[in-house]
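Trainee: With the hints as constraints, model all of the structure from the sequences given.
Protein chains in written order, with my numbering: chain A, 1 to 502; chain B, 1001 to 1502.
What the hints contain is simulated information worked out from the structure, not anything from laboratory work.
A portion of the hints provided could be inaccurate.
[What the hints assert, rightly or not] Simulated DEER-style distance windows between Cβ atoms:
{"no.": "1", "chain 1": "A", "residue 1": "Ala464", "chain 2": "B", "residue 2": "His1170", "range": "27 to 35 Å"}
{"no.": "2", "chain 1": "B", "residue 1": "Arg1025", "chain 2": "A", "residue 2": "Phe248", "range": "49 to 57 Å"}
{"no.": "3", "chain 1": "B", "residue 1": "Met1382", "chain 2": "A", "residue 2": "Pro284", "range": "56 to 64 Å"}
{"no.": "4", "chain 1": "B", "residue 1": "Asp1487", "chain 2": "A", "residue 2": "Gly105", "range": "19 to 27 Å"}
{"no.": "5", "chain 1": "B", "residue 1": "Arg1214", "chain 2": "A", "residue 2": "Arg210", "range": "52 to 60 Å"}
Quick caveat: nothing in here was measured; it's all calculated off a predicted structure.
Positions of the beta carbon are idealized from the N, C-alpha and C atoms, including for glycine.
There are 2 protein chains.
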Amino acid sequence: MSARVTCPVLSTRITTAEAAAELIRHGDNVGMSGFTGAGYPKAVPAALAARMHAAHAHGSEFRIGLWTGASTAPDADGILAEAHGIARRMPYNSDPVLRREINSGEVEYVDAHLSHSAPQMWFGFFGHLDVAVVEVVAALPDGLLVPSTSVGNNKTWLDQADKVILEVNHWQPRELEGFHDVYYKAALPPHRLPIPLTDPTARIGDPYLRVDPRKVVAVVETRAPDRNTVFTEPDDTSQAIASHLVHFLQQEVAAGRMPADLLPLQSGVGNVANAVLAGLDASPFTNLVAFTEVIQDGMLDLLDTGTLRFASATSFGLSSEGVSRFMENIDHYKGRVLLRSEEISNHPELVRRLGVIAMNGMIEADIYGNVNSTHVMGSAVMNGIGGSGDFARNAFLNFFMSPSTAKGGAISAIVPMASHVDHTEHDVHVLVTEQGLADLRGLSPRARATRIIERCAHPEYRDALTDYVERADRARPTARHTPHLLDEALSWHQRYLDTGHM
Amino acid sequence: MSARVTCPVLSTRITTAEAAAELIRHGDNVGMSGFTGAGYPKAVPAALAARMHAAHAHGSEFRIGLWTGASTAPDADGILAEAHGIARRMPYNSDPVLRREINSGEVEYVDAHLSHSAPQMWFGFFGHLDVAVVEVVAALPDGLLVPSTSVGNNKTWLDQADKVILEVNHWQPRELEGFHDVYYKAALPPHRLPIPLTDPTARIGDPYLRVDPRKVVAVVETRAPDRNTVFTEPDDTSQAIASHLVHFLQQEVAAGRMPADLLPLQSGVGNVANAVLAGLDASPFTNLVAFTEVIQDGMLDLLDTGTLRFASATSFGLSSEGVSRFMENIDHYKGRVLLRSEEISNHPELVRRLGVIAMNGMIEADIYGNVNSTHVMGSAVMNGIGGSGDFARNAFLNFFMSPSTAKGGAISAIVPMASHVDHTEHDVHVLVTEQGLADLRGLSPRARATRIIERCAHPEYRDALTDYVERADRARPTARHTPHLLDEALSWHQRYLDTGHM
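Mentor: Spelled out as structure tokens, the structure:
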């Protein structure tokens, strides 16, 4: 009996990753654990990729539909993509190898709102789930599973799959028991009830995942780290963005539009987001709570200093330094962190009820406040929409942030027309670049254009944007609600493709 | 004492529309009742417009910010727009005169999700509300107000305005008492609780609106009809759309993805929506419920035949024939209809919990499933997003419907790239035209394109769309997730502007 698999039934299923991978067939839909490089299976994907390579070497097809929580890691998404073994992928990806295959047209990618992924799977939108491959920390004597460093869609995959493969990862601290809150009262309409969460710090479910032991066809023991997320130190640009944002929150509090301890914070993943968290840590704000997707290093800092008193999320997303710090002080974090299913962490009902302050990055925004979070030059997907739509649409207040230029100034993040729209003009409250902050609340499209160009565009592009608006405004005197020159609206992007500079 | 104003305090405030209009000043924000031409004030707007005309004749400015539930009528929005008295307008408009002023750049229009309009007003996004002008059916002895044929944002306007003007409309049937459900437990975060609605037929609030009588500066008695909505008989095109949709719902039930009595229906306003309702009436479906914005004639038909057992909405939107039918049989409808505030009728929490089937019209969709509901050729606003985003994003299943062409074939409703995006590719489940139905669930963008072109595009445009996709797909081999030719993506719209034909 393994120290981590103390369930008598499940301990009889302990086997190798290779034997487990044998149970996955060409054409299967496979639901894997994993969110922001945390809690994904470490061994079965490699064994499965080896089978795919072997099959392809013999001229047989071996490709699966791969569903996850969100992004995984090179040793999951990456290795399967290298084996050309992914036919369909949902709901989110950030792996560079897989991204290349999506953009080459090899992989069908369904880029979905994360709050939609589990429920729409129950509804039958994505087809049948054949196999679940889920990392856990331990299987208890009664068969309950201690979840790992992310919860994601694990509840749903375990529940819906015909066959379940568990990976029990001895590298993950056994002390993770108690960090999770898995809500088991979700139902299909017309049987749904209110989700009884009114405070981000509250527990509404169980600390454990459940699985029908009869479905568990393999248990694989591993000892391997999560993918490390690499953060860079905040640079001047991201610090300027953070400073504008924190200053604006202070103004909102002063204006009486927000409590002094703010409202629950959601923060996207990345360097700009981390800089914003650092900016909050350096601000007078205190006693904050987070209702977010991912706990990254910046949130750990805030928990350490006490600026943040609680974080609700669905996953960790830490650097190796962050992981060490978390592990060394794990008892300090227990009771201050809860990981929930992504259907709960991102639920519109809860985001709206709690009045979340949503802070997310973007690729570009147009002068009317439409935001592109997913596509480079209209066609190539970067990562995916993730939870940004769940949070932004339902937030009390939302921010979209980006440096005002990219590629050394060759690309403007403020463009005449977004080359792809993920967040519409109806959904975007505040844009922030290092140049400044544009508060768009209550403004008409033309008023937004003036403000965005003035406050957020890089000076190098400001005149050209103003020139565009002015000419568009004159061009069609009976169509001045959202003035556009349709033969020029996307010309900045086309020029970049043609010349390498907008 | 008036028969309809039996509240002693309020009866002392009875006055003329002209005297009431004197209490509204240049620069005020005015919150008026009204939704889909129902329940808007009938007398004060005209008196106010006369004051505006007089002021303008003397060279003084007189313009207001006008906030409503949604659309009103020629004798409210229209008459104020004709007086050039509207400076800012939110959250929805369908009046042709006002539309012209918005598109000429005279009026600042904030086109907002209807579920956002009241809460964001409480948050302070739109500024201070000076005056409310709200039509009611009666003021009871205890000061409670019997709401009229729409509830809209009336609860919020009455609560938030400094001064309140009531119009008591004797034309509206006194028997409307009991048709309303006004929820008074909404709060600002962090004090929000779950909204306790789990069944569209349930009552969670009061039949009455409340107002602080000290704020009521005028009570004006009127006797005037609501604006009549004119519906045309379903033509072949809308019948074909309805037939595809009803057939699809039958398939979904047969596949076990939906109960036999479906899930709560939301139906947009208009002739296509009415045709769909007629199609449902002619189908084997029975025992249905609606959780929607507007009760239009088609819903009355369904209630009459028993196909629909209950309708929850925020407003009526009836033809004159429909109004007569409703009035003659008002007792029959009582207990089968509830009108709620639009913050409740459209609430994401409820739409998602109940699992609504959302059916809305559109202006155009692109081949990747992005939907434009608001803008003609990218710049001129038509009406507004209304509740379509509230319902579509959170629906169990959503449909967007349109004839495949407009203007006698000169415009294709299926285009390479939408000239404005209100519902993103992440949010759109099913497109329907008279040509057929495209089920986009679980498809990647390129797979959607194939299906939309095949099933929904008009044959006259199909080859050109296929040609576009194929050339876009070849143009950038590393950007094939959502293939576009950015210098051609909007050329169909530009060609229409240049030549009158796409």
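Trainee: Using the Cβ atoms, figure out if arginine 1214 (chain B) sits within 52 to 60 Å of arginine 210 (chain A).
Mentor: Roughly 57 Å apart at Cβ, these two residues keep to the hinted range, so it holds.
Trainee: The hint says 49 to 57 Å between arginine 1025 (chain B) and phenylalanine 248 (chain A); measuring C-beta to C-beta, is that right?
Mentor: violated (31 Å)
Trainee: Taking 56 to 64 Å as the stated bounds, is the beta-carbon spacing between methionine 1382 (chain B) and proline 284 (chain A) within them?
Mentor: At roughly 47 Å between Cβ atoms, proline 284 (chain A) and methionine 1382 (chain B) fall outside 56 to 64 Å, so the hint is violated.
Trainee: Given a hinted range of 27 to 35 Å, is it respected by the beta-carbon distance of alanine 464 (chain A) and histidine 1170 (chain B)?
Mentor: Distance hint for alanine 464 (chain A), histidine 1170 (chain B) is violated at roughly 60 Å.
Trainee: CB of aspartate 1487 (chain B) to CB of glycine 105 (chain A), is that within 19 to 27 Å?
Mentor: holds (21 Å)
Hint violations for this structure: numbers 1, 2 and 3, all remaining hints satisfied.
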